[in-house]
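**Student:** Listed below, chain by chain, are the residues.
2 protein chains.
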Amino acid sequence: MNATPLPRAGMPAPLALVYCSHCGSDRLELRIPEGDSLSRYVCANCGTIHYQNPRVVVGCLPVWNEQVLLCRRAIEPRLGLWTLPAGFLENGESVVAGAARETLEEADARVDILDLHTLISLPQIHQVYMMFRARLLDLDFGPGPESLEVRLFHEAEIPWDEMAFRTITRTLRNFFLDRKQATTGPHISSIERRPPLPPDLRGAA
Amino acid sequence: MNATPLPRAGMPAPLALVYCSHCGSDRLELRIPEGDSLSRYVCANCGTIHYQNPRVVVGCLPVWNEQVLLCRRAIEPRLGLWTLPAGFLENGESVVAGAARETLEEADARVDILDLHTLISLPQIHQVYMMFRARLLDLDFGPGPESLEVRLFHEAEIPWDEMAFRTITRTLRNFFLDRKQATTGPHISSIERRPPLPPDLRGAA
Numbered sequence: 001m002n003a004t005p006l007p008r009a010g011m012p013a014p015l016a017l018v019y020c021s022h023c024g025s026d027r028l029e030l031r032i033p034e035g036d037s038l039s040r041y042v043c044a045n046c047g048t049i050h051y052q053n054p055r056v057v058v059g060c061l062p063v064w065n066e067q068v069l070l071c072r073r074a075i076e077p078r079l080g081l082w083t084l085p086a087g088f089l090e091n092g093e094s095v096v097a098g099a100a101r102e103t104l105e106e107a108d109a110r111v112d113i114l115d116l117h118t119l120i121s122l123p124q125i126h127q128v129y130m131m132f133r134a135r136l137l138d139l140d141f142g143p144g145p146e147s148l149e150v151r152l153f154h155e156a157e158i159p160w161d162e163m164a165f166r167t168i169t170r171t172l173r174n175f176f177l178d179r180k181q182a183t184t185g186p187h188i189s190s191i192e193r194r195p196p197l198p199p200d201l202r203g204a205a
Numbered sequence: 001m002n003a004t005p006l007p008r009a010g011m012p013a014p015l016a017l018v019y020c021s022h023c024g025s026d027r028l029e030l031r032i033p034e035g036d037s038l039s040r041y042v043c044a045n046c047g048t049i050h051y052q053n054p055r056v057v058v059g060c061l062p063v064w065n066e067q068v069l070l071c072r073r074a075i076e077p078r079l080g081l082w083t084l085p086a087g088f089l090e091n092g093e094s095v096v097a098g099a100a101r102e103t104l105e106e107a108d109a110r111v112d113i114l115d116l117h118t119l120i121s122l123p124q125i126h127q128v129y130m131m132f133r134a135r136l137l138d139l140d141f142g143p144g145p146e147s148l149e150v151r152l153f154h155e156a157e158i159p160w161d162e163m164a165f166r167t168i169t170r171t172l173r174n175f176f177l178d179r180k181q182a183t184t185g186p187h188i189s190s191i192e193r194r195p196p197l198p199p200d201l202r203g204a205a
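Chains as they are written, first to last, in the numbering used here: chain A, 1 to 205; chain B, 1 to 205.
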């Protein structure tokens with residue numbers, strides 16, 4: 001019986017704040033507030049504690065018979081590479097509504113969301129991905145403003161070398177594996193940032 | 001075939017910011033940035049866009065044979081009421097590590113996390129709950145600083161009328177129902193805020 005591992009002691013420092021958004025003072029201190037266990041920006045003028053927390057990325061894996069829908073990115077980062085429709089969850093929406101909204105915005109596609117397929121934590125960039133398996137409802141899709149191209153792919157056609165994000169590659173690999181094995185998600189995992197190359201290899205990268 | 005409903009047009013306004021945390025200016029405008037579709041606080045002085053997004057609450061449903069572990073809250077809100085160990089996901093940790101950390105902090109309990117049991121969106125307060133089913137590893141638990149009391153409950157003993165949050169009640173009800181039906185999660189849902197009482201009933205509440 002193994003206990004679930006606890007976070008490492010050395011969590012990343014909060015992203016830099018310069019001024020208090022409540023009172024405008026520049027007397028922000030990075031310290032552990034009373035009763036807390038992590039460093040936060042605390043305003044020495046008005047006392048406001050500025051908490052910073054991970055953001056949620058919600059998206060869909062839209063399926064049409066044997067094919068899946070991918071979008072080619074029209075924006076940075078990873079312009080020109082392929083992805084699933086996904087983006088940041090907004091205040092005021094549920095995770096399912098957010099995933100459907102992103103699919104409409106990026107692929108002009110209407111879906112029926114079926115289940116949570118992949119849940120991936122990216123602790124070093126303070127993100128949590130939630131990708132939902134979805135049934136594409138019609139073929140009237142097309143690129144939204146953030147996509148160059150939207151199309152359906154059979155498994156053998158997936159451009160694995162031109163995927164925008166590791167989260168998306170992992171989601172698709174899990175999906176095709178599930179189909180072969182008759183298994184289902186949710187697949188829960190983390191992706192840690194790749195360690196930087198040693199200095200003597202950086203020029204060669 | 002029904003399309004997953006899209007979010008309502010009237011999303012809540014962002015929480016009030018007064019000063020730009022980047023440059024300290026008070027010239028913050030609430031407007032839709034170019035290429036965006038939602039209102040954000042934009043600094044008219046330095047151009048910084050201040051995005052606001054939902055926060056993730058992670059927690060555990062620790063199980064010991066037929067019993068589940070609950071904590072009685074030592075802090076507001078809902079001081080004195082019962083809950084499962086849960087709290088805000090922090091920058092730098094995975095969802096699973098965060099759920100284990102909260103369980104250690106609030107109940108001094110070590111767990112092996114088994115699966116995602118409940119995923120509940122609370123769009124009106126900009127939160128997403130993720131509750132994990134977990135196996136309690138030993139009986140050396142006890143109240144952390146935020147708990148008055150920690151104990152194990154059989155289903156018949158659960159203090160349903162003294163639960164701190166609807167998310168927790170829903171998580172526990174799903175758990176006991178799953179056990180009777182031999183079903184599993186994740187159970188994905190939303191909780192909308194109860195509508196306010198009409199004015200002529202407010203005095204009676």
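No wet-lab data here; the hints were simulated from the structure. For every residue, glycine included, the Cβ atom is placed at its ideal position computed from N, Cα and C. Keep in mind that the hints are not guaranteed to be accurate.
Subject to a maximum C-alpha distance of 25 Å in a straight line, what follows is the list of computed SDA-like cross-link-like pairs (lysine to any residue) [stated by the list, open to error]: (1) A:K180 x A:R135; (2) A:K180 x B:K180; (3) A:K180 x B:T183; (4) B:K180 x A:T183.
Examples of chain A residues lying across from chain B (beta carbon under 7 Å, computed) [said to hold, decoys possible]: (5) A16; (6) V42; (7) N45; (8) T48.
Label pairs and their calculated CB-CB ranges [to be verified]: (9) A:I125 x B:C23: 36 to 42 Å; (10) A:E34 x B:D108: 17 to 23 Å; (11) A:D138 x B:G80: 32 to 38 Å; (12) B:A44 x A:N65: 35 to 41 Å; (13) A:N45 x B:D115: 44 to 50 Å; (14) B:Q181 x A:L38: 51 to 57 Å.
**Student:** Decide, hint by hint, whether the structure agrees.
**Tutor:** Checked hints:
| no. | hint | result |
| --- | --- | --- |
| 1 | A:K180 x A:R135 | 18 Å, holds |
| 2 | A:K180 x B:K180 | 30 Å, violated |
| 3 | A:K180 x B:T183 | 23 Å, holds |
| 4 | B:K180 x A:T183 | 23 Å, holds |
| 5 | A16 | 9 Å, violated |
| 6 | V42 | 13 Å, violated |
| 7 | N45 | 11 Å, violated |
| 8 | T48 | 10 Å, violated |
| 9 | A:I125 x B:C23: 36 to 42 Å | 24 Å, violated |
| 10 | A:E34 x B:D108: 17 to 23 Å | 21 Å, holds |
| 11 | A:D138 x B:G80: 32 to 38 Å | 53 Å, violated |
| 12 | B:A44 x A:N65: 35 to 41 Å | 51 Å, violated |
| 13 | A:N45 x B:D115: 44 to 50 Å | 46 Å, holds |
| 14 | B:Q181 x A:L38: 51 to 57 Å | 40 Å, violated |
The structure does not agree with the numbered hints 2, 5, 6, 7, 8, 9, 11, 12, 14 stated previously, though it agrees with the rest.
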